[in-house]
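Student: If you're matching them up, the sequences are chains A and B in order. Residue 180 in this note's numbering sits at position 180 of the first sequence, and the numbers go up by one each step. Residue 1034 in this note's numbering sits at position 34 of the second sequence, and the numbers go up by one each step.
Since the hints were derived computationally from the structure, they do not count as laboratory data. Computed from a prediction, not measured in an experiment: that's the story for all the values here. Don't take each hint at face value.
FRET-style restraints, in silico, Cβ to Cβ [to be verified]:
1) V118/A with G1101/B: 29 to 39 Å
2) A25/A with G1101/B: 45 to 55 Å
3) E164/A with N1063/B: 21 to 31 Å
4) E164/A with R1477/B: 30 to 40 Å
A few chain B residues facing chain A, derived, Cβ under 10 Å [what the hints assert, rightly or not]:
5) R1394
6) A1413
7) S1416
8) R1421
9) F1433
10) P1436
11) L1440
12) N1441
13) A1444
14) L1457
15) T1461
16) R1462
17) S1463
18) A1499
19) R1502
20) A1506
The beta carbon of each residue, even a glycine, is placed where N, CA and C say it ideally should be.
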Amino acid sequence: MLVHRQARFGLLHDWGMRIGVLLFALVVFIAVFGGQLSSQSPYATVGIPGAAPGGGHLLGLDFEGRDVLARVLHGGVSTLALAASATVLVYALGISFGLLAGYSRSVIDPLLMRTVDVILSIPSLLLMLLFVTGLGGGRPVMVVAAAVVLFPGAARIVRSATLEVSTRGFVEAAVARGESTLATLWREVLPNIVPPIAADMGLRFSWSIILISSVNFLGLGIRPPEPDWGLLISENLVILPSNPLAVVAPAAMIGLMIIGVNLICDGIIRALSRGDR
Amino acid sequence: MTTTTESVPALELRDIRIELGSGVPVVDGVSLTIRKGEIVGLVGESGSGKTTTALSIFGLTGNALRLAGGEVVLAGQPLRDEAAFRRARGRVVSYVPQNPGAALNPSLRIGSAIDDVLSAGSADRSLRAHLLDCVGLPSDRSFVLRFPHQLSGGQQQRVCIAGAIASGPSLVVLDEPTTGLDVVTQARILRELERLRDREHVAMLYITHDLAVAAQIADTIAVMYAGELVERGPAPTVLRTPRHPYTRGLMASTPDHVRRRTLEVMQGIAVGVGGRPEGCSFAPRCPQVLETCVTEHPALLETSPGHTVRCPEWRRTPPMEWATLRLDAARDAPLGGAANRSRPVALEVRNLRAEYPGRRGNLTVVRDVSFTLEQSACLALVGESGSGKTTIARVIAGLHPIAAGEVLLEGEALASYASRRTVEQRRQIQIIFQNPAEALNPRASVGAAIARPAQLLRGLTRSEARAEVSRLLEAVRLPARFAARYPRELSGGECQRVAIARALAANPSVMVCDEITSALDVSVQAVVLDLLRDLRRRTGLSMIFITHDLGVVATVADEVLVLEQGTICEQGETGRVLMDPQHPYTRSLLAAAPSLSDSIAEWESVAAGRPLSSDVVMQGPP
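Make the full structure from the sequences, and use the hints.
Tutor: So this is what it looks like as structure tokens:
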């Protein structure tokens, strides 16, 4: 039963996977518990705007003279929650659309896919801005807007994977024994289209961060003075020459998170192709 | 060619050894000589090392393998380094692949594809025409301007062969060149190859898993097992008097449509890479194994001039007795055949029409097909690809709509789609598909796959279904512990047996088998066919068996239905259709299908010094 033991621990045998999990765990830890770790307020002005590190301020001060470290430690929750919920929503929409379109082989397929094409044809940032300006810039609106902008790509990937899988014998056998469409999709199709979805997920998670950050950057999403990594980058661009750390620190956090997520997704794909379960 | 090269063999493999990086041999001690104008048939089942051996001639062993010993001598020139191999490739030795569709550049017209192989710049029209003529293709303008996708599979393969002989190589390696093609096309290609040998004196290494094909085309037969040559010699000698028990086992498990018989099943499974036992590789499966076989590795022994065998006990290998087998065929009455005319009807198909949506209206693929399937009978649907046989199977299983006509199960008309049928109707009809790799959900365990239909269609509880899984695994001759395994841990034959168990879990009355053995090795096929036969005898299951292999038809079916482009052209009792075909299409299929026993009968009559009369061969049960 060697195969079984190997399979159970296979995921963490993978160095890429290990590093990814480590990076992601680190970023999540900072985002979630950062607020409690920081002794300083993220909102209080404590010195000259754009001051370089020193005097108890490890990362210096931001464009309004607030402690950058405190703002970075407090700002992670917002970014992480926004990006994670947007990604979940993207796949809720993308998998439903893609599975139905790919499996139906009826008028539903072109109907769903043309809808998706229309969304794809509009530049993503423009669509995002339309949503936010139309509905206001709150967090739920940001999440829904990012999901609507990003799900078409996911839906296309899910659809093409579904098309390929649903011609295989085991799916036909399920249809022939009269399984309901939902049961067939859930038991036979979905488990077998995980690799392309996993490959796509890391990318789409990164894009959702970038999209949300861009909207924040334009001052339309999360309103200052709230700390948010995306927002921190944009608001501190003006003091880049005097205290570059105010931009680099939040950017590094976002970067580490994206790298971590992508390494994990790649690890999952490798594990699946090795045949772990 | 000068006279000196006439005597030099086209290829000499001397003691070839190919290893994995770990030092485990994949091919071990293979020596083979091919003379000019000779076709050597390299026979063996998947994993026996025949393709690896062939690739060593090109110095292409891939990244995972390396040529660890031995020498490749092409047309008298030993190839010792990569540069020498590179010079030889395509010039002295060329390759014809199994899948011509993938081998031809889809964006290159046929003419330019061949010009590409001819020496650059000197695109000689007459030479090109000659090459196309050699493989029986036209060389007119309209043909050479076509793209590969505008050609049939057989034409594509002939273009590949024309390309392979373009540089005037001393050896052409053909790797299962007709495996994906139907029998009529296969017969044409084999004829063209024989013509090439006789007229152009091209030497060929013909790799195949099909002994009947090898018997038809090869002058010399070399049988591989577990990376070694186990028997080698002139085709008539090897096949008339097989000396290695593996060769004999392969022959006995090869279905034959001329002499119907029960297949003999070789026990055990083929030895995989690295799993070779210390003594004889075949010892664990050998019916005549001795104690010394397990400990001592046998050497190749010469039994008669030119005939060598890797078995010290070759004298004990029983001869293949075709005459007795023929008597057997007459006595071995089909299970539900003519003797039992009054059996109840399990399934009836009436005036069935089935269509596929096309760009300009619907394309009719099945026209006015009617037949009845009696209880515990086996009906074979035969025809080339595109004849509509798979569509009929899908209609019966409720996967394809009925355009017109009826499908009746125990007298009741079935709905088009499975979802509209009653649970009882869905339970009674089960389908098994062609591709074992796709038959099972890779992410579901064997146990879960088998339990599902039992729970859904028979209403068993989870624990009842679990008990049923062990019983069904046993019924398909797999150990109960397989329930915990996943499809990727199984071989193709095991996957197919699990698929059969899954179908049996519904306790069906009609089983539709769509080419279920065509992707399997002959020895595995024999096991599956034997299993199905046993199931029919014990449970009274009726079967619709779809196949393009007439040998398989002869082995399993009571009745045959021959399809040509969606219509029935002949229908009747198996023995009658195979021995006395009425329709010209059936006759052409039968004439094209290679038969091992026929080739042997021909050699025997030549050896006996009398000409072969065709009615001797076609004799069978009345």
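Student: Sort out which numbered hints this structure fails and list those numbers smallest first.
Tutor: Per hint list: 6, 7, 15, 16 and 17 violated.
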